[in-house]
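Its first residue numbered 1447, the sequence shown is counted upward by one per residue in the working numbering.
Rather than coming from a laboratory, the hints here were simulated on the basis of the structure. Hints are supplied without guarantee of correctness; some may be wrong.
[Stated by the list, open to error] Dumping the calculated DSSO-like pairs for lysine-lysine here, alpha-carbon to alpha-carbon at most 30 Å:
1. 1657 / 1721
2. 1657 / 1700
3. 1712 / 1743
4. 1783 / 1743
5. 1700 / 1721
6. 1638 / 1700
[Stated by the list, open to error] Estimated spans, in silico, between C-beta atoms of each pair:
7. 1830 / 1654: 35 to 45 Å
8. 1896 / 1854: 10 to 20 Å
9. 1448 / 1553: 36 to 46 Å
These numbers were taken from a predicted model, which means no experiment stands behind them. In this text, a Cβ means the ideal position worked out from N, Cα and C, and glycines have one as well.
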Amino acid sequence: MLTTAYSPWFILLCLAVGAGYAALLYSARAPWSKPINYLLAGLRFVVVSFLCFLLLGPFVRSTTNTTEAPTLVLAMDNSQSVGLFTPAPVLQQARTGLTQLATTLRGRGFNVETRTLPPAPRPPATPDSVRFSAPATDLDALLTGVQDGYEGRNLAGVVLLSDGIVNQGRAPEYTTYKFPIYSVAVGDTVPKKDLSLPALNYNRVAFSGNKFPIEAEVAYDGFAGGTATVQLREGGRVLATNTVKLPAGQRRVKTTFLLTAPAPGKRRYEVVVQKQAGEFTLLNNSKFAYVDVVRGKLRVLLAAAAPHPDLKALRAAISSNDNYELVAYLPGITPLKAQDYDVAILHQLPSRLGVGQEVLNLVRQQRLPALYILGAQSDFAAFNQAGAGLTVQPRGQQTDDVTPATNPAFARFTFSQDDLQRFAAYPPAPVPFGEVQLGGGSEAALLQQVGRLRTTKPLLVFGGGTQTKAATLLTDGSWQWRLQEAVEHDDRPEAYDRLVVRTLQLLTQNANKKRLDVYPTQDDFTTRDDVTFGVETYNAIFERIYNQKITLTLTNEQNQPRTFTFSNSEDGAPLHLGPLPGGLYRYQARATLGGQPQQASGELLVQEQQLEALQSRADHNLLYQLSRQSGQRLYYPSQFAQLAQDIEKANYKPVIYSQEDLKELIDQKWLFFLLLTLVTAEWVIRKYSGSI
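Generate the whole structure from the sequences, applying the supplied hints.
In structure tokens form, the structure reads like this:
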């Protein structure tokens, strides 16, 4: 349809202009015949009228219709429990039925797509290609992913194949989904004779030489009135054995092992329930406890120039970790205890008021690692002389209000996605306005963000010399962050507490006098995590260097080595090893730096997640509720023919989408050539007839 931006009556004016122009030009006597004169007048009339018409801004309105067939998603619970506890003939019947259902529905005009539990690198091509190997089941994530992925599309419904066992994420029965759910139940709901270990209760940290408990929870079906033998092992060696009574009328009992913490290091203990006659499966008879044995509590000196809300926030964050013992000092309020400390937090010290000099002397004499927190009372000239790895030149009392932003190049410790989301919600805190310059070897863990603008100015800096370590936080308003996070997350300010504790951990590590430093980026990983290592290399005067060839050897508990060769890049990207089997690993890294061989070693802990083996009894009631809430019913693998009929009876229709497109007529290339042809024809006729 052709439309203009002005009233259609203007078209008559365009025609009048074209007619007048042609009459004025060709009304006089001409050297050619009247038919040729009329032809030339007609050509000029068309060209001029059309050019005037283009001034009206004409455009072409077109409508395109697209038909989208209804889509049915085959959502498959590909977790280990489905493969482990569903009878093989039933599982094969289900997979064959899904394949036939997909073929039948495609023949009836449906689009059929297959989805599995997230995270999946790509959707499987067919139900037959699905392998039941996912280590955990999050049905809500699967269904929510379908809902988000097909938003705005013609989604007819979802066929959900599952055993109903959920061990991660939200309970799907309490979530509303915007599509019909046709549940197909697999697994086995008949109770089995079984012993299992659903939970271990223990402290993650133990102090060398102290006793600590590991409490095991034993669940049982079909063995009531008997006893069970529970063993505690380490590296295949039996450390203790308990005999547990299994009273009738109960389904769970507890037993406790009391251990003496050995030398510092990471330990993996295995609790095993011995096999009994008639037991259905042994997959859930063992569970691992992961304990970090440390040499004792680290003593933290928290010193401040004056009372401040930061002190309460820091005290609470440090108290959340059992590794630390906190000693507070305020000049004129609490005395400075004469004892050894492992790390100091200096809040607005050095101070413009001249207080706290005895603390600064203690830090200097004992070469204590220190976290400096700068604020309005800080003496910046004295701070710049403290050797913290940066200098601050403020402009009077001016401040900027900033929020924390992570530095992608910092790899000494990592921030989770949850941490980043919480940081983004923090209120602005004041920092000194002026010049901040980092010294050699210093790194910024956090940067200053003003509004939505991420700057290159540091907010949290790690520096110091080769003998002592130092960190600097350039704000005395971090207490607001912890308070805001506690309000928004049910009194659980985990991101703030982790930031403080990791800062202290980095400061209390042995001073790095090695030119090669290779370390895990987390305290521990799970079998689902991508295991990553951070790498730092230095030259002879301890300046960072890059692109060095490094060989990393990883050895598991069975003394089986794996070797990786890589180079460290300037962007600080860690080495990615991918997921690893659960266990305690030893690692050793080697490199040649400046012609001299260097090495680094340590331990890596990967925790096993045995979620899928804990429960062998399928939960078909959950699947029934999901289908009923969406107006559908529950099916079994033998009822795929009925399922296909019910989907056909629902009479899902294709959806026609109409898209209107407006194109300006003047943008059409053919129009230019048409006008050029008409003008050229007029010129050629005039020339041929004896005129120009």
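I'd like to know which numbered hints this structure contradicts. Please list them from smallest to largest. Checked against the structure, no hint fails, so every one of them is satisfied.
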